[in-house]
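With chain S held as given, fit chain E onto it using these hints.
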Amino acid sequence: MKVKVYSTPACPYCDMLKEFLKKNDVKFENIDVSKNHKAAHEMIEKSGQIGVPVTEIDGKIIVGYNVTALKEALKLK
Amino acid sequence: MLYDVIIIGAGPAGLTAAIYTSRRYMKTLVLSKGLSDQVTETPHIENYPGFKMIEGYKLIQKFEEQVRDFGVEIIFEEVVKIKPKKKGFIVKTKQKSYEGKTIILAFGKVPRTLNIPGEEKFTGKGISYCTTCDAPLFKNRIVAVIGGGNAALDSVLLLSKIAKKVYLVHRRDDFRGFEALIEDVKKKKNVELVLSHVAVKFKGDNILKSMIVESKKIGEKKELKVDGVFIEIGSEVKTDFVKNLVKLNKNDHIITNDKCETSRPGIFAAGDVTNTPFKQIIVAAGEGAKAGLNAYNYLHGIKAEIIIDWRKFKVIGG
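For the record, the sequence lines run as chains S and E.
All residue numbers for the first sequence refer to this note's numbering, where the first residue is 11 and numbers rise by one.
All residue numbers for the second sequence refer to this note's numbering, where the first residue is 11 and numbers rise by one.
Treat the hints loosely; a few may be bogus.
To be verified - In silico contact screen, one side only, chain E against chain S (beta carbon under 8 Å); selected entries:
hint : residue
1    : F86
2    : G136
3    : G238
Hints in this document: simulated from the structure, not taken from any laboratory.
From the three backbone atoms N, C-alpha and C, an ideal C-beta is built for every residue, glycine too.
So that you can see chain S by itself, here it is in the shape it has in the complex:
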């Protein structure tokens, strides 16, 4: 499963999201869109969302820290 997290450094929801993934042993790539502007554009294009966090799970986009949607996409209990 390929998991990408688009985030910024001073965003509590991004931190919560990353901690949630770690707690569930999900490996992910963290992309800091405050530094990587190409990735920021990519995130906005894919999600239609100008806001963080955005998670991509095997091509599926989840906007915000949405535990229910994350659990479903990651097939977690």
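Same frame as chain S, but now just chain E:
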């Protein structure tokens, strides 16, 4: 499933209530859209005893963990309706229905919205309510901040370092923030103050392109080209869905007495959603404890004032 108590809201009040009710062996359910946004978005908390400093999101996660350890179910669904029945209440979320013998209302405050055309459509598509989260996405862009308090001024200062231009749209001529902050904002060369103006409409296609502001003095409208708007106009209680159930005060806060009872037997309330003064985490937690213990007393017909929560907790069947 019939619960002894359904707690609506997962902030300091609701989660503390859940600790107390579960320790009294009440079958407890917490229903909430999510964990408290107000606590989560507070970067540093220095007035909650036991922690010299803790990030808001960490504190609320500690609350959640403790509550789950006591065997409480927390379900993240938004409550839309509460219906009284002969004995107890039906609580409807957007997805399902639940039944509780007692209810604790503890859903706190939410960021105030402008309620103008385009606001909902462009939220997350140019409009943001979290400056520290989303400001970096507007590098060299034109943005506006709406509001006149410290949160709005902080937001302007942060954005002025990232964006090309920042409009500060405020409905009054003067600010309610700290003097030092106001002076800092006025010194910024890329900040334009749009005072005595209110936002009346957001425009764009898939994303936000501009906003219309109207002068409070002469009624004249003008269009500001903006890529982003940050709304920082404080918070409010959203008690619409309980207004026919419990009495509210003129600010729409739920009226409670010193036992956290509302005007309807069996429904208790605690925290920022009530008329209790001081919207503080510790106050909300304390009121939550009271609401939980009084819900227990109500359920068991106990009239006594004081019940001490003394016992060491054992998980039933655990």
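Structure-based check of each hint:
no. : hint : verdict
1   : F86  : holds (6 Å)
2   : G136 : holds (6 Å)
3   : G238 : holds (7 Å)
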